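*Asks:* Read off the chains here:
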Amino acid sequence: MNKIWLVIKREYLTRVRNRTFILSTILLPLFFIGFIFASAYFSISSHEKQKIAVADSNGIFKNGFESDDLVTYEFPADVNAGNFKEKGYSAFLKIPENYGSSADSISLISTKQLGIETEDKIKDQIDQAIKNQAFLKNNIDKKLLDSINKINDESSYQFRTVVKQGNKTEKSNSALSYGIGYGSGFLIYMTLFIYGAAVMRGVMEEKMNRIAEVIISSVKPFQLMMGKIIGIAAVGITQLLIWILLIIVLSSISTSFFASDALQHAQAVNSSIGAAGQSSAALNFMNAKSTFLSANWGLIIPCFLFYFVAGYLFYASLFAAVGSVVNEDPQEAQSLMLPITMPIILSFVIMTTAVGKPDSPIAVWASIIPFSSPIVMMGRIPSGNVPAWQIIVSMLSLIAGFILTTMLAGKIYRTGILLYGKKVTFKEMGKWLFRKA
Amino acid sequence: MAILELQHLKKYYATHKAVDDISFSIPEGSIFGLLGPNGAGKTTLLRMITGIFYPDSGQIFFDGKKFKPEDDIAKIGYMPEERGLYKKMKIGEQALYLAMLKGMSRKDAMKKIKEWFVKFEMESWWNKKVNDLSKGMGQKLQFVTTVLHDPKLLILDEPFSGLDPVNSNLIKDEIFKLAKNGATIIFSTHRMEQVEEICNNIVLVNNGKKILDGTVKQVKDDFKEHIFKVGFDQLPESFSSSAFEIIDSKENSFNVKIINGNKPANVLQEFLNHKAEIISFNEVLPSLNDIFIKVAGSKN
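Chains as they are written, first to last, in this note's numbering: chain L, 31 to 467; chain H, -16 to 283.
To be clear, the hints were calculated from the coordinates, so they are not data collected in a lab.
Quantities reported herein were computed from a predicted structural model and do not represent experimental measurements.
Careful, some of the hints might be misleading.
[Unchecked claim] Below, a sample of chain H positions facing chain L; criterion: calculated Cβ distance under 7 Å:
#1 Glu65
#2 Gly67
#3 Met87
Even for Gly, the Cβ is constructed at its ideal location relative to N, Cα and C.
Excised from the complex, chain H in its bound form (with noise of 0.2 Å):
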């Protein structure tokens, strides 16, 4: 079932349509990645599913109703890229104050954040002030901040900017532990890697335009390009093949791009028959990255 749904959003500005005609649902529980480049209408989108905008047209229904982002608000929680905290504000009133500004009890939130605190070793920083934090220190209160209120949906816009990999690795595992249980993660970022080791489901703007969405492996099969790699233990002799060209070769591999409508097990068929000796023989699939590129680079 899907948590979000969104039907032909638009928002236009006087100068350019930010976000021009979008639709696509995120399934409850998904990882679910939001990418394009700079400028492509991610933020835009952000700020309508957060309740920030209203779209000029087209609907958005969030489980399974209409969204209304008074109500729903309290269910969302929205770590934007440029992340802020009241500088001079001690660090534990403001997890409280922006618990509560999310509709918490002030028990539930004091609870709630000590549990946090106690998870991610900040307990003595109660009393301080994020001038006093380091900037990775800041951004692991900021996402304090975001899920104290166990949000049922948790948009992070870059989320690991600026985080030592250790401190990466923390919040990577509390992503993931929040969608076992059963939150919805939108993770909007233009850093594809991270995507492949994160996300189920992605979909790609440019543009203001959905460019192209659906689980990581569909889309990777999408754009497969029939390329296989061949490992030997050494490299046979070359010979000619109608089922197969050779667009590459390495020490101990080809890549192969298979052609004329042949299977897989065709070309390990000729090979075989060349008594080739293959120890190794694997689709290669585009990275995200390659296809970023090549869709967002082709509409440019």
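Isolated chain L, as found in the complex (with noise of 0.2 Å):
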């Protein structure tokens, strides 16, 4: 046991020194965050005034169109597509007469993108001119329709939707269900790669160094192998918390950034109604942050460490197995590699569905079964609707998975490392499962 501490020791101190190490663990997230930050940067700056020339044939919506702070219309008569820039409009919005068919669309031309949200906007002024025009067409009074109009858009109201199971309530949210049921699929699906790829090259590292030999002169060769395994996990494990700890300090940085934007917005929106859209976007990261907040964490966290940890313990033994009869062939590791990768893919495409119906049958059965649950009970628990067997035989069945996998592999483990020269068969290899040492 001490020696296998020994083991763990080197394994995990000699890859958390390494510069890679430090490095990918630290600006994977920086980078993310960065990419975060920036979009919100920019959909905030990008609040630039948009005054926009619409030719419009008809004259329908002359009227129909209601200039706002950010973005004003005019309807001027000398203007077009190749002059607009000249006269002084950021973009030109062509209404051709029959806008309604097919063949002719309605175009915004600009020099430049004017970013997702002026065009909502205009697309928002078009549909609303559009209905305002039917409401008049079919002798609706003006006067009316003004004032439904205003209560529309007085009225802000939030969309929840709520699952009953027996006389529990949740609150749920689907598409942050899918979020996050995808998101940490895929990391699983990752991780399972990049840390079982690692085990694999360790292990061909210490085969073709021929170190192998001197070290199994001092521990058994399973000692060696599951040393190598846990000195990884705990490597991955380390990777992820610093990962968890760097998003969270600095989604308080970035909250407290925006918090201070979203209280004037509260204040502005007090003094003076209209001013909407100054701070949609800090208002947007406020609601968006409460949203995430308001899923199931309490199960999704526990339950992603434990498929983490366990779904690598499943497989990195077998990676381990591969890279032991490998030799200095890097094809041959690739075809070896096969049979392990096979499943993992395939499980990664079953999560892409089971996110979306996480009832189907081969979701369920995907889940429980060992070789695919890491991957599709992640993408399955955030919906809340995975009843507590389905996770205690997953889990269970996942526990018992690795130990027979981790069994064999020693055994292959075991003959493979100290072999040389030889290419291994799958049928060979099998023959290795049922010999003594």
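Join the two chains, each given in its own frame, into one complex according to the hints.
*Replies:* Structure below.
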């Protein structure tokens, strides 16, 4: 036991001290957060005033478009797609006579991207104008229409879905659980490959360097294999924890950054209606954050950690077994890895459908069978619809699964690690499983 | 007393019998040569002695007790023929790691490493990586990591391959010193001249079977062909004798083979009777190389 601890320590320290590890661990979340920051920043800072020239050949939109403090609409006669820039407009909106037909389309011409927000506003204006037009055509009173529209503008509401199970009621958000399920399933899929390959490379390195024989004259091959697997698992957990910590720190920094903005927004709303859009990005961010916190993290995080570790343990020993039988030829590794990578990729594919239909039979079965359960179950859990018995059976069978794969892989490893210069077939590996040491 | 005793060891693979019923014992404090051509089963035998493989049948006794790999490998040092070290690990840390895997405490290991590094003039290597070492330097490091824990039994598989004469001698001297201090050394090789120089006992294996074993002297005696080299000031005229026949004649000497159950003294007498001016008279013993080729060749 003391020896396996030494092996774990070596595997862990040599990797954690490695420059690549430090860089990738710190840079990845920084890059990720930086990306979110940058897109948030640009969506706020892109609030320059836009002046849109509208060419409305029917004349029906002239009074339908309402300018606000960001986007103003003008209907000059002498402006066209060629000269709107010189005339001081940021874009030219062309509404053809027969805008409803498929041949003609309403087109917005600009020299640079206006941004999604502005485009959405313009589309809203067009929709509203068309709707108003239709109402007026059907003799609805203009005043009545205005008052209806006003109600619509002022009523702000939030849409929530609630899932009832017996007498337990949970708030839920389909898009969120989809996102979390997909994200965590994907993360497990990635880590299986990243850390599994790390185990395989480590074993290959020891075999190629011929140090394996030196080491196993001091420790048992199984101890060496398990030491490596656990050491690398510890590296993975370290990396994950650093990421989680960085995300918490950085998101609280960003929250305080947006919070002041959102506060100003709230005051602006109080003092003058119509300042909408000023800080909608900040508000969106706060909303997103509160929605994000509404997920059932108390279940998701422990489950994620379990499937992350157990799924890794299930596959890592198989990767170790492959590493032990490979000789110098890396192509050999490719073909030997196929039986391991196929179920991982397949479970990823099942997961992508399972997040949408968490209760479909294939999703249920795949989340219980150990080969695919780490990835597929994480796709299902955020939906909140997974019965406890399924989670328990899935976890137990995964534990049984990794004990089994570790035992079998250990037998292959033990023989493979000392075998040089010979291409090993699956048939031979099968024989090794039933042989004494 | 035997430090290691092998009884009827067998290890069969699907296609061949790597070790087929081999028994021998190794006296404590001896330098023991394990000889055999490539593929004879030496490595498999060594792997069983180091606890890496379990024999299919047969028994190993270590230090008077049944061999228990978990406990006993701490008393064994093994330097495999294909040696290896972690290429990217610092040399000092690596030595420390390997010593601690053998069960040494960190403190003891550090002390030992420093001693050996000074002895082998390696002190400045501590923070280097194996990648930065020459092949010869790597071999020295490998030897040091093998003996750090003062093994009772030291197993060296071709320890001199790749070493220059200076470092060869350095390691050879250390081997003698370790043996003098009570360690037993198993020295596996197919280079016979080294065996004659270093070993006192040998066992010769081929095709998984033991061909012969014993002290070097005894083996040579067993294979001697009663040939004597008689040196002269001046070659005598040849004459025929019933006591010997001349099988080779050189400038100033004959190689004679004693026949018909005669004694060396009879041969000498005959030469003296013919007034030959003898200046030397030695028995010609076969070299281990000759024995090896003879035995290994005949079995093939």
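*Asks:* None of the hints should be skipped; say for each whether it holds.
*Replies:* Results of checking the hints against the structure:
1. Glu65: Hint on Glu65(H): holds, closest Cβ of chain L at ~4 Å, below 7 Å.
2. Gly67: Holds, about 3 Å.
3. Met87: At 11 Å from the nearest chain L Cβ, Met87(H) fails the 7 Å test, so the hint is violated.
Going through the hint list in order, the structure does not satisfy hint 3, though it satisfies all others.
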